[in-house]
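Participant: Below are the chains, spelled out letter by letter.
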Amino acid sequence: MACHRQRVKDLKLMANQIRRDVVEMIYRANAGHPGGSLSCVDLVTALYFAVMRLDPKRPAWPDRDRFIMSKGHGCPTWYAALAHRGFFPREELWTLRQYPSILQGHPDMKKTPGVDMTSGSLGHGLSAGLGMALGAKLNGQDFNVYVLLGDGELQEGLVWEAAMAASQLRLDNLVTIVDYNGLQLDGTLGEVIGLEPLVDKWRSFGWTVFEIDGHDMEEILSICHRARKTSTPVAIIAHTIKGKGVSYMEHQVGWHGAAPNEDQFKQAMAELDEERRGLIA
Amino acid sequence: MTKPMATREAFGEALLALGAEREDFVVLGADLGKAMFTSAFQRKYPHRHINFGIAEQNLMTAAAGLATVREPVVAYTYAVFAAMRACEQLRTMICYPNLNVKVIASHGGLHVGGDGVTHQGTEDIGIVRSFPNMTVVQPADAQTTHLALRAILDHPGPAYLRLTRNPVPPVYDANCPFELGKGIWVKEDGDDVTLVATGVMVAKALAAAEKLAALGIKARVLDIHTIKPIDKEAILLAAKETGAIVTAEDHNIIGGLGSAVAEVLVEESPVPMVRIGLRDVFGESGDPEQLFAAYGLSTDHIVQAAQGVVAKKA
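Those protein sequence lines, which keep their order, are chains Z and A.
Our numbering puts the first residue of the first sequence at 1, with every later residue one more than the last.
Our numbering puts the first residue of the second sequence at 1001, with every later residue one more than the last.
There could be a bad hint or two in this list.
Said to hold, decoys possible - Below, simulated SDA-like cross-link-like pairs (lysine to any residue); rule was C-alpha separation at most 20 Å, straight line:
(1) Z:9 to Z:191
(2) Z:111 to A:1132
(3) Z:12 to Z:209
(4) Z:110 to A:1155
(5) Z:137 to A:1155
(6) Z:9 to Z:272
(7) Z:137 to A:1024
(8) Z:137 to A:1133
(9) Z:110 to Z:140
(10) A:1313 to A:1262
(11) A:1187 to A:1214
(12) Z:111 to A:1133
(13) Z:137 to A:1045
(14) Z:137 to A:1071
(15) Z:110 to A:1285
(16) A:1313 to A:1272
No lab work stands behind these hints, which were simulated from the structure alone.
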């Protein structure tokens, strides 16, 4: 247990570091999507540092687990995780959105080592992940495919075409995680087009569904472990907070696609420093 | 292959033959297996064909994902659904990452006939031609459909193969040369005008050349089966040696072969030119030959266009 506690603590520290990098990347680029990047940090950290089978030295290793960030605007989180996992030097993070950079404003599989699928146009990720999971079955490979969906993008019809096909094709190697932070560009999901009852929707499409706190590292690890043992595709509905970790960004729709100014940046870093001190103590 | 055959049917034959030859490719459909003659392939290779149902967007994005694990991927549906329902899928998920997906698009053009406008792909070439990395091919007959499918499977990257719903007469024999990006001189002699045609219009251009000969106009015929990358060399040679060009396609004159040929000529060697095709209108239901006569795509229209363009030569 002591070992497990240490592991969880290390993951929380890594998530804190990734949040710091995300805020700094967006501050330096003076553009990006901090809210939806920060809401998925704990999920992405768990996948890249505890769950997925990877080898950073071989980004194209055929038997690696795949990850798709269907909500491509959350890519600062993905880039930071890839850098800390060793896919490319951390210094690259400060080139986000600039010319020329391996780090595009939305993920480009041809430019960034470790990015398994291009994304950014919402609604495609699950369908692309379905194709990969199908490929594993056709080739007799045993890798898993993880797809991170934004909640707002579930309004896209393609997501449900893919959901329908994945259960028909019995893709038990496909796991999708919904980053359910409840906010989209124009407001709350409830104000725009609500998703409830979301668990029932996935279940009725033939998926095994888990509902978790998307910021509780132990719960994320435990559910990802269980997700490998089902005979159907798995949807994990992760309740999250948009802007998580930076007080003035949390639950604020205005931080969907805005960069912090200098004072705001300093405040965010001070808050994340304080969180870090609390984790170490 | 001496009988007329729809190129969608030739695709089904070619797929079956290539399935035995190579084990790499996987075929994805969208509830059009019977319509695109893949049933025999499905029976013989049940694990290499997956039916996605009536969901073309999922078909194309899943094809992109699959192509990162297993390639090439052949994804087939009708032209309107491939190029329009799944337009962004082709652009952003297949062409942008340059993935090895072959989009097979049946029901190109007014030649579809009775099904009417919803099923007549008449703007598809213009759409897919504008995507970087995309190769666009339209065979003139069953024989070149076999060769075209083989060629695009050997080509590492996205490709779009446009086919006909209805039978087309044979243009070529079994010894036909076929190379992606290289036009075929179907009729090489004649210095008055070049008829540059693609798909179902190649046979009509040949017929027009015969009628023109009787009128004292010597026309060459060039089959541009690969609309992108286009054979600049052949088009510039035609411009230089005949000084006048008529393009003929079963597609809107905006964006298709006529546009592609004009782009080459305008930049490098402008000569009098006329485009035969749908003149920026939708079609309607009817017998293909009656529709071609009504919409300006008949052999006689090509003849008149050639006479007009020859008269304009300096």
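Participant: Are the hints correct? Go through all of them and say.
Facilitator: Quick rundown of the hints versus the structure:
Only pairs whose Cα atoms come within 20 Å are accepted, and residue 9 of chain Z paired with residue 191 of chain Z is rejected, the gap being roughly 37 Å. Taken as a hint, the residue 111 of chain Z and residue 1132 of chain A pair is honoured in the structure, with Cα atoms around 16 Å apart against an allowance of 20 Å. A hinted pair counts as satisfied when its Cα atoms are at most 20 Å apart, and residue 12 of chain Z with residue 209 of chain Z does not qualify at roughly 25 Å. At most 20 Å may separate the alpha-carbon atoms for a hinted pair to count; residue 110 of chain Z and residue 1155 of chain A meet this at roughly 19 Å.
As the CA atoms of residue 137 of chain Z and residue 1155 of chain A are separated by approximately 25 Å, the hinted pair breaks the 20 Å bound. Annotation: proposed proximity of residue 9 of chain Z to residue 272 of chain Z holds, straight-line Cα distance about 15 Å (limit 20 Å). Taken as a hint, the residue 137 of chain Z and residue 1024 of chain A pair is honoured in the structure, with Cα atoms around 14 Å apart against an allowance of 20 Å. Pair hint residue 137 of chain Z plus residue 1133 of chain A does not hold up; C-alpha atoms about 29 Å apart against a cutoff of 20 Å.
The hinted pair formed by residue 110 of chain Z and residue 140 of chain Z fails the criterion: a straight-line CA distance of about 26 Å is larger than 20 Å. A hinted pair counts as satisfied when its Cα atoms are at most 20 Å apart, and residue 1313 of chain A with residue 1262 of chain A qualifies at roughly 16 Å. Of the supplied pair hints, the one linking residue 1187 of chain A and residue 1214 of chain A holds, its CA atoms being roughly 15 Å apart against a limit of 20 Å. Taken as a hint, the residue 111 of chain Z and residue 1133 of chain A pair is honoured in the structure, with Cα atoms around 16 Å apart against an allowance of 20 Å.
A C-alpha spacing of about 15 Å is found between residue 137 of chain Z and residue 1045 of chain A, which places the hinted pair at or below 20 Å, so the restraint holds. A distance of roughly 14 Å separates the Cα atoms of residue 137 of chain Z and residue 1071 of chain A; the hinted pair therefore holds under the 20 Å criterion. Distance hint between residue 110 of chain Z and residue 1285 of chain A is unfulfilled; the C-alpha atoms sit about 44 Å from each other, more than 20 Å. This hinted pair checks out: residue 1313 of chain A and residue 1272 of chain A have alpha carbons roughly 6 Å apart, not beyond 20 Å.
Hints 1, 3, 5, 8, 9 and 15 from the list above are not met by this structure, while the remaining hints are.
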